[in-house]
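Join the two chains into one complex using the hints; note that each chain is given alone, in its own frame.
In the order they appear, the protein sequences are chains P and U.
If you use numbering that gives the first Met the number 0, the first sequence corresponds to residues 0 to 272, in order.
If you use numbering that gives the first Met the number 0, the second sequence corresponds to residues 0 to 230, in order.
Heads up, a few of these hints could be off.
To be verified - Cβ-Cβ distance ranges computed for the label pairs, FRET-style:
1) U:E97 <-> P:V63: 39 to 45 Å
2) U:S20 <-> P:L251: 40 to 46 Å
3) U:N22 <-> P:E272: 27 to 33 Å
4) P:V147 <-> U:E97: 48 to 54 Å
Said to hold, decoys possible - Below, simulated SDA-like cross-link-like pairs (lysine to any residue); rule was C-alpha separation at most 20 Å, straight line:
5) P:K3 <-> U:K88
6) P:K83 <-> U:A14
7) U:K124 <-> P:V94
8) U:K68 <-> P:V94
9) P:K266 <-> U:K68
10) P:K3 <-> U:M87
11) U:K124 <-> P:R79
12) U:K216 <-> U:Q190
13) P:K196 <-> U:L184
14) P:K3 <-> U:G67
15) P:K196 <-> U:T53
16) P:K6 <-> U:R105
17) P:K196 <-> U:K124
18) U:K200 <-> U:G38
19) P:K266 <-> U:P54
20) U:K80 <-> P:L88
21) U:K80 <-> U:L184
22) P:K3 <-> U:W86
Worth flagging that the hints you see were computed from the coordinates, not collected in a lab.
Since we're looking at a predicted model, the values are computed, not measured.
Built from N, CA and C at the ideal position, the CB exists for glycine as well.
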Amino acid sequence: MLGKLLKHEFRATGRIMLPMMGALLAMALLANLSIRGLAGGLSDIPALRILFILTLVFFGVGIVAVSVMTLVVMVSRFYRNLLKSEGYLMFTLPVSVHGLIWSKLIVSLVWFFVTGLFILLIMGLTGLNMADTSLEMIISGFPSWSEVLQKLDELGIRGALGEVFSWATLAMLLGAIVSCLHFYGAMALGHMFSKNKVLLSVVFFVLISMAFNIMEMSFAFGIEDLFFDENSVREALHFASRISMYACLMQLIQGAVLYLATVLGLKRGLNLE
Amino acid sequence: MTILECRELSKRFGAVQALDSVNLNIEPGRVIGLLGPNGSGKTTLLKLANGLLTPTGGEILIDGEAPGKRSRSLVSYLPDKPYLAEWMKVRQLLDFFEDFYADFDRDRAMEMLLRLNIGEDMRIKEMSKGTREKTQLILVMSRKAKLYLLDEPIGGVDPATRDYILDTIIRNYNPEAAVVISTHLIADVEQVLDDVIFIDKGRIVLQSSVDEIRGEKNMSVDQYFREVFRC
Numbered sequence: 000m001l002g003k004l005l006k007h008e009f010r011a012t013g014r015i016m017l018p019m020m021g022a023l024l025a026m027a028l029l030a031n032l033s034i035r036g037l038a039g040g041l042s043d044i045p046a047l048r049i050l051f052i053l054t055l056v057f058f059g060v061g062i063v064a065v066s067v068m069t070l071v072v073m074v075s076r077f078y079r080n081l082l083k084s085e086g087y088l089m090f091t092l093p094v095s096v097h098g099l100i101w102s103k104l105i106v107s108l109v110w111f112f113v114t115g116l117f118i119l120l121i122m123g124l125t126g127l128n129m130a131d132t133s134l135e136m137i138i139s140g141f142p143s144w145s146e147v148l149q150k151l152d153e154l155g156i157r158g159a160l161g162e163v164f165s166w167a168t169l170a171m172l173l174g175a176i177v178s179c180l181h182f183y184g185a186m187a188l189g190h191m192f193s194k195n196k197v198l199l200s201v202v203f204f205v206l207i208s209m210a211f212n213i214m215e216m217s218f219a220f221g222i223e224d225l226f227f228d229e230n231s232v233r234e235a236l237h238f239a240s241r242i243s244m245y246a247c248l249m250q251l252i253q254g255a256v257l258y259l260a261t262v263l264g265l266k267r268g269l270n271l272e
Numbered sequence: 000m001t002i003l004e005c006r007e008l009s010k011r012f013g014a015v016q017a018l019d020s021v022n023l024n025i026e027p028g029r030v031i032g033l034l035g036p037n038g039s040g041k042t043t044l045l046k047l048a049n050g051l052l053t054p055t056g057g058e059i060l061i062d063g064e065a066p067g068k069r070s071r072s073l074v075s076y077l078p079d080k081p082y083l084a085e086w087m088k089v090r091q092l093l094d095f096f097e098d099f100y101a102d103f104d105r106d107r108a109m110e111m112l113l114r115l116n117i118g119e120d121m122r123i124k125e126m127s128k129g130t131r132e133k134t135q136l137i138l139v140m141s142r143k144a145k146l147y148l149l150d151e152p153i154g155g156v157d158p159a160t161r162d163y164i165l166d167t168i169i170r171n172y173n174p175e176a177a178v179v180i181s182t183h184l185i186a187d188v189e190q191v192l193d194d195v196i197f198i199d200k201g202r203i204v205l206q207s208s209v210d211e212i213r214g215e216k217n218m219s220v221d222q223y224f225r226e227v228f229r230c
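This is chain U alone, in the form it adopts within the complex (with noise of 0.2 Å):
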């Protein structure tokens, strides 16, 4: 059963379109890239699948329903930017993903976090932004959820810990699970796709296997995408 899936979704703000009648369906199982350059519609995409926003046309579908309460027990999400209480100490962190996510594993994400060295007296404030973001994709990551939404989840930090990301997302994910994972850095991510959306001007277009595009165009999907969106 497809658990996302957008039928002619369009998001306008003012003058601009954001997205433009974008029609996909993302089945469970699959590690999925969803790639293109900035300003592209990829962060607009995840912020509609979240409810965070509402649609000017068309309809977004999690596991069938429109974005809501059940919708989000169902997704965990990592957006672009830091989005967690400076003032909160890794346990009241855990603390808060357990009272609210009946699919958190708190000692999964104990044992990643203690792997790290961050303790649970540890406050958001006194990290680095590297620990930050390792700590917020912990947490993101410590749910068995049916659909990841990752939101350039390795932009802006260094390659070790790019390696660090990449291996977390692989390992820890939920295997019956869909994983989207938006970004424009495709050779880092290329290792653990299986399909790729790539979207452009608020338009997907294309949508197939890293195998199709390894095997027909006989190039990585980093080269592909470099063909696809030549300036």
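This is chain P alone, in the form it adopts within the complex (with noise of 0.2 Å):
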């Protein structure tokens, strides 16, 4: 059944996703063009340099509302599908809450990270052929991964980096996930309550914000015999991935703690007007 909740999130998520990033790719290229009539003879003329100006303006606020926006997206849809109306069909649905839950995170993740992907390769065509760069010269300016093997071999550093990488990384997911279930949480909890239950998701959010503040804080305080004496990279290096096992362990605890308050609010207290 995850698998037909997925399909039908996708189904119901993409419709608003797919024309942003088509309306984030059209301000690309106008951005490219813009960007070629500036470094252009058509600078000269004042109407079209003040344009060419605003569109990369635009093009830069539509970067920054496109990723606020897949955030946004993506709480409205937990609220608007578990939380209103509709949600009278889904939990009514021979589905477990559990279900429900995963299939929005799994989503949300997704679409996290295509955004990502899809503003990193958009900001390159942006800049593609400008001032004469094609992507071959872009392509050829990089070493190859063997000589970026070697060298890291030659240094020393090739499984202190990888091990970096690899927390680091996984650092990143959880932190995706626990964001996405800080806001579920907080949802979840403040519909418990028959009247002022967006408040209330506002209060817990908070509340929720400060408790994991403080965990954090007495963690940092607690790993101050981690800090290194000597100035090595591998030193660094080895900080730095220690740092990021512990930001992995935070947050698989917090995840934890929201899931649970989430399966809580969900399957215990919830009751749809």
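Right, here's the structure in full:
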């Protein structure tokens, strides 16, 4: 059933996400033309110059807006689909509450990843052919993968860097899950009450943030002995690796607490209006 | 075998006792009217049967089990408000119901929708209130469920739509299933009921067959309801 839930989640979110990305792609093309115009002779015409600059400003705003909107769409999807009238349909499906939460979570993570990758790609696209730079020139400017590995081996940090990268990637993934669950948990707890549900959701969000901040600060004080004395790259990487490991542990604990709060709110205390 | 059973079922919302020690048995093959004034506990009872609320006392069983994943595959529920996503097209809703309910009969749903000129490409937000209610009912009644729980299916629609809705319920329900129709518009539903349950202030006041009321009291269900609930 999770597969079916995911299918319908992608359908519901894709109808907003895809046009939004399409609009950003169109803005990227216009921004690319503007950069070329500014670099070329057209920038001498004042009206065109203003138009090009405005296009670039709008493109920058567009990137920020799409990043923010991705989070807004995912959070509002949870709210509208589970906590408002659509909840009557979703909570009477022969699926578990866990399935409902995971479907929302997985789809949100996929869209976060896709949006991030998409923004990086279109930023690259915008700069393409700028000031006579071609894709081939950009690629040829980078060292090959084997060259990179060889250099890392020479420095003796290949293993340590790989460890940092692995832990940091896991910490980022868990961080994204915790961010979603932070909203889900706060909303689920807020909707256990019969009145002021949205206000209480905000209150729970703030209280959870405060509790987690205190928890993180306690951990930070406990790891002062980890600071390295020698100013070596290997020591720095080792430190970064340990910090990422602690971040993962912290997020696992926070994620578990928030997941249980979400399940509790949806399973035991929900009262749809 | 009893399809819906309540044992000392209670539900409290803060200071309000919505249901108070309700004992109830509903058998398959009957059309039951859950009748009571506004705020009597009808919707709370149906929400509890669907697992949308948790009892504060007693228990409610569907086919011998507490509401959960299995019971939701047996129960076809129509809430008392619009609950379909407005952006969805009829085709997407049919896909949705077909994906999640093994007992959903898409052909039957399509046939009823076409009879009402509701096309597959029509979106919920493009429909009038009456058409939305009919679409919801068609989706719910196109399942071969064991228990249909219909909360105010005829509330807020014109008399012609009421007739259509009642006709759709009677012509499409699984004869081996029980149908519970919650309403306070008794005169309109009386003709289709086998049994009635009167509920007031969270308590069951009466559970009887329609024939018993007509034979013993020499009144219609509507007349008897007015007598019982006289202010």
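**OP:** Could you grab the alpha-carbon distance between K80 of chain U and L184 of chain U and see if it respects the 20 Å cut-off?
**Re:** Given pair K80 of chain U, L184 of chain U holds - Cα atoms ~16 Å apart, limit 20 Å.
Subject >> Restraint check for K196 of chain P with T53 of chain U, where alpha carbons must lie at most 20 Å apart >> reply: Judged against 20 Å, a Cα distance of about 18 Å means the pair holds.
Original post:
Straight-line Cα separation of K3 of chain P and G67 of chain U no greater than 20 Å?
Top reply: Satisfied, since the Cα-Cα distance of roughly 19 Å is no more than 20 Å.
Original post:
Between K80 of chain U and L88 of chain P, does the CA-CA distance stay at or below 20 Å?
Top reply: Distance ~11 Å between K80 of chain U and L88 of chain P Cα, so the pair holds.
Original post:
Are the Cα positions of K68 of chain U and V94 of chain P separated by 20 Å at most?
Top reply: Holds, because 6 Å separates the two Cα atoms, which is no more than 20 Å.
Original post:
Does the structure keep K83 of chain P and A14 of chain U at a Cα separation of 20 Å or less?
Top reply: violated (24 Å)
Subject >> Pair hint outcome, K216 of chain U versus Q190 of chain U [Cα-Cα no greater than 20 Å] >> reply: holds (17 Å)
Subject >> Satisfaction of the hinted span 40 to 46 Å by the C-beta atoms belonging to S20 of chain U and L251 of chain P >> reply: holds (45 Å)
Original post:
Is the Cα-Cα distance between K266 of chain P and K68 of chain U 20 Å or less?
Top reply: Holds - the C-alpha atoms of K68 of chain U and K266 of chain P are around 12 Å apart, at most 20 Å.
**OP:** Verify the proposed pairing of K3 of chain P with M87 of chain U, using a straight-line Cα cut of 20 Å.
**Re:** OK: K3 of chain P and M87 of chain U at ~16 Å, within 20 Å.
Subject >> Hinted pair K3 of chain P and K88 of chain U, Cα distance within 20 Å >> reply: Cα-Cα ~18 Å, so holds.
**OP:** Measure nothing beyond the straight line between the CA atoms of K196 of chain P and K124 of chain U; if it is 20 Å or shorter, mark the hint as holding.
**Re:** Not satisfied, since the Cα-Cα distance of roughly 26 Å exceeds 20 Å.
Comparing the model with each earlier hint shows violations of hints 6, 7, 13, 17; every other hint is respected.
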